[in-house]
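Peer 1: Residue numbers (my numbering), protein chains in the order written: chain A, 1 to 99; chain B, 1 to 149.
Heads up, some of the hints might be wrong.
Here are the computed lysine to aspartate or glutamate pairs in the DMTMM-like style, where the Cα-Cα straight-line distance is at most 25 Å [said to hold, decoys possible]:
1) B:105 to A:41
2) A:71 to B:131
3) A:72 to B:131
4) B:84 to B:23
5) A:60 to B:70
6) A:67 to B:29
7) A:92 to B:129
8) B:84 to A:57
9) A:91 to B:30
10) B:32 to A:32
11) A:72 to B:15
12) A:91 to B:7
13) A:91 to B:31
14) B:32 to A:61
15) B:4 to A:88
16) B:136 to B:12
17) A:96 to B:131
18) A:30 to A:46
19) A:60 to B:30
20) B:136 to B:23
21) A:98 to B:101
22) A:71 to B:129
23) B:80 to A:57
24) A:60 to B:81
25) A:96 to B:90
26) B:53 to B:23
27) A:71 to B:69
28) A:67 to B:101
29) A:96 to B:101
30) B:80 to A:41
31) A:71 to B:90
Some chain A residues near chain B, calculated using beta-carbon distances under 7 Å [stated by the list, open to error]:
32) 47
33) 63
34) 65
To be clear, the hints were calculated from the coordinates, so they are not data collected in a lab. Every residue gets a Cβ at the ideal spot worked out from N, C-alpha and C, and that includes glycine.
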Amino acid sequence: MTDTGLNTLYLVKTPKEEENNYMLILTRKKDESIILDGKIEIKIIEIEDGKVKIGIDAPKDIDIMRKELYKKIEEENLAAVNHTSKLEDMKKIFNKNKD
Amino acid sequence: MKVKTREFGEIEVNEKNIIYFQEGIPAFEEEKQFVLILNEDKENPFHYLQSIKNPDLSFIIINPFEIFDDYDILIPETAKEKLKIKREEDVLIYTMVVVPEDIEKITTNLLGPIVINGEERLGKQVILEDDRYRTKHFIFSQDSQRGGE
Numbered sequence: 001m002t003d004t005g006l007n008t009l010y011l012v013k014t015p016k017e018e019e020n021n022y023m024l025i026l027t028r029k030k031d032e033s034i035i036l037d038g039k040i041e042i043k044i045i046e047i048e049d050g051k052v053k054i055g056i057d058a059p060k061d062i063d064i065m066r067k068e069l070y071k072k073i074e075e076e077n078l079a080a081v082n083h084t085s086k087l088e089d090m091k092k093i094f095n096k097n098k099d
Numbered sequence: 001m002k003v004k005t006r007e008f009g010e011i012e013v014n015e016k017n018i019i020y021f022q023e024g025i026p027a028f029e030e031e032k033q034f035v036l037i038l039n040e041d042k043e044n045p046f047h048y049l050q051s052i053k054n055p056d057l058s059f060i061i062i063n064p065f066e067i068f069d070d071y072d073i074l075i076p077e078t079a080k081e082k083l084k085i086k087r088e089e090d091v092l093i094y095t096m097v098v099v100p101e102d103i104e105k106i107t108t109n110l111l112g113p114i115v116i117n118g119e120e121r122l123g124k125q126v127i128l129e130d131d132r133y134r135t136k137h138f139i140f141s142q143d144s145q146r147g148g149e
């Protein structure tokens with residue numbers, strides 16, 4: 001890539017188009033940052049072997065999590081939706097296992 | 001107010017007991033209001049978390065501390081802030097239960113506990129960064145409480 005000193009920046013529509021979201025794609029180099037909403041700073045700390053180490057500096061009320069973890073919790077919650085009342089059976093097994 | 005539930009039909013819920021989940025819960029982000037339906041049978045550890053809006057949406061929950069002796073969590077600052085937690089004694093913690101066909105293989109999600117500030121009636125599913133816990137821990141298996149994943 002030729003270094004023009006300029007950062008690439010373009011907008012792409014995301015699947016969440018109906019919610020008026022856009023995906024911003026831009027290029028950053030090591031030690032460069034982006035600022036979200038004036039209060040969240042995302043800094044590129046290290047780039048190596050196809051991995052990027054990112055530092056996020058955000059206010060305390062901002063939840064930050066890896067997407068795959070969020071997905072996993074979503075899946076588990078979908079599986080946890082209660083379909084039939086089995087509390088009595090569950091109690092029986094609970095007590096059986098306790099003894 | 002009257003709340004429709006699939007398990008119990010129409011029930012009377014004091015509006016003061018409605019717990020507000022500001023962000024919903026993952027996969028159910030639009031569901032903001034729930035009520036705890038606690039099992040009065042002291043011998044039965046299973047309770048319900050029922051959606052106010054959707055009669056068909058409920059979860060079976062447990063108090064994980066009753067079942068997992070060594071369970072301990074550190075509530076992240078973000079959650080403390082959002083739930084306006086001031087005092088430890090206001091905090092209620094439950095974990096969701098998945099009941100598979102083979103009921104002996106019930107699991108609970110110790111990685112994503114439901115944290116409630118009982119005083120403020122605010123709730124949130126907190127996702128822990130704690131590698132001791134998984135989304136599936138067997139409740140009944142004594143030799144290994146860790147689930148399949």
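Peer 1: Run every hint past the structure and note whether it holds.
Peer 2: Status of the hints after comparison with the structure:
A distance of roughly 44 Å separates the Cα atoms of residue 105 (chain B) and residue 41 (chain A); the hinted pair therefore is violated under the 25 Å criterion. A distance of roughly 17 Å separates the Cα atoms of residue 71 (chain A) and residue 131 (chain B); the hinted pair therefore holds under the 25 Å criterion. Our distance criterion of 25 Å between C-alpha atoms is met by residue 72 (chain A) and residue 131 (chain B), whose separation comes to about 14 Å. Straight-line distance between C-alpha atoms of residue 84 (chain B) and residue 23 (chain B) comes to about 14 Å, which keeps the hinted pair within the 25 Å bound.
The suggested pairing of residue 60 (chain A) with residue 70 (chain B) is violated, with an alpha-carbon distance near 28 Å, which exceeds 25 Å. In summary, the hint linking residue 67 (chain A) to residue 29 (chain B) is supported, as the alpha carbons are separated by about 15 Å, within the 25 Å threshold. Taking the CA atoms of residue 92 (chain A) and residue 129 (chain B), the gap is about 34 Å. The hint is violated against a cut of 25 Å. Among the hinted pairs, residue 84 (chain B) with residue 57 (chain A) is consistent with the structure: their alpha-carbon atoms are about 22 Å apart, no more than 25 Å.
Distance restraint check for residue 91 (chain A) and residue 30 (chain B): the Cα-Cα separation of roughly 32 Å exceeds the 25 Å cut-off, and the hinted pair is therefore not satisfied. The hinted pair formed by residue 32 (chain B) and residue 32 (chain A) fails the criterion: a straight-line CA distance of about 38 Å is larger than 25 Å. A distance of roughly 32 Å separates the Cα atoms of residue 72 (chain A) and residue 15 (chain B); the hinted pair therefore is violated under the 25 Å criterion. Between residue 91 (chain A) and residue 7 (chain B) the alpha-carbon distance is near 16 Å, which keeps this suggested pair within the 25 Å criterion.
A distance of roughly 28 Å separates the Cα atoms of residue 91 (chain A) and residue 31 (chain B); the hinted pair therefore is violated under the 25 Å criterion. A distance of roughly 18 Å separates the Cα atoms of residue 32 (chain B) and residue 61 (chain A); the hinted pair therefore holds under the 25 Å criterion. Taken as a hint, the residue 4 (chain B) and residue 88 (chain A) pair is honoured in the structure, with Cα atoms around 21 Å apart against an allowance of 25 Å. Restraint check for residue 136 (chain B) and residue 12 (chain B): not satisfied, since their Cα atoms lie roughly 33 Å apart, outside the 25 Å limit.
Restraint check for residue 96 (chain A) and residue 131 (chain B): the C-alpha separation of about 30 Å exceeds 25 Å, so the hint is violated. Only pairs whose Cα atoms come within 25 Å are accepted, and residue 30 (chain A) paired with residue 46 (chain A) is accepted, the gap being roughly 6 Å. Of the supplied pair hints, the one linking residue 60 (chain A) and residue 30 (chain B) holds, its CA atoms being roughly 23 Å apart against a limit of 25 Å. A hinted pair counts as satisfied when its Cα atoms are at most 25 Å apart, and residue 136 (chain B) with residue 23 (chain B) qualifies at roughly 23 Å.
Distance check on the hinted pair: residue 98 (chain A) and residue 101 (chain B) sit about 21 Å apart at the alpha-carbon level, within 25 Å; holds. A threshold of 25 Å between alpha carbons decides the hint, and for residue 71 (chain A) with residue 129 (chain B) the separation of about 14 Å falls inside it, so the pair holds. Distance check on the hinted pair: residue 80 (chain B) and residue 57 (chain A) sit about 18 Å apart at the alpha-carbon level, within 25 Å; holds. Distance check on the hinted pair: residue 60 (chain A) and residue 81 (chain B) sit about 7 Å apart at the alpha-carbon level, within 25 Å; holds.
Pair hint residue 96 (chain A) plus residue 90 (chain B) does not hold up; C-alpha atoms about 33 Å apart against a cutoff of 25 Å. Of the supplied pair hints, the one linking residue 53 (chain B) and residue 23 (chain B) holds, its CA atoms being roughly 15 Å apart against a limit of 25 Å. Note on residue 71 (chain A) and residue 69 (chain B): the hinted pairing is violated, with a Cα-Cα distance of about 28 Å set against a maximum of 25 Å. Of the pairs offered as hints, the one joining residue 67 (chain A) and residue 101 (chain B) is violated, with about 29 Å between alpha carbons and a cut-off of 25 Å exceeded.
Distance check on the hinted pair: residue 96 (chain A) and residue 101 (chain B) sit about 18 Å apart at the alpha-carbon level, within 25 Å; holds. With a C-alpha separation of about 22 Å, the suggested pairing of residue 80 (chain B) with residue 41 (chain A) holds against the 25 Å cut-off. Restraint check for residue 71 (chain A) and residue 90 (chain B): not satisfied, since their Cα atoms lie roughly 29 Å apart, outside the 25 Å limit. Restraint check, residue 47 (chain A) versus chain B: the minimum CB separation of about 23 Å is more than 7 Å; hint violated.
Given hint, residue 63 (chain A) at the interface with chain B, holds; its Cβ is 5 Å from that chain's nearest Cβ, closer than 7 Å. For residue 65 (chain A), the interface hint holds, the least distance from its beta-carbon to any beta-carbon of chain B being 6 Å, beneath 7 Å.
Consistency with the previously given hints fails for numbers 1, 5, 7, 9, 10, 11, 13, 16, 17, 25, 27, 28, 31, 32, ordered from lowest to highest.
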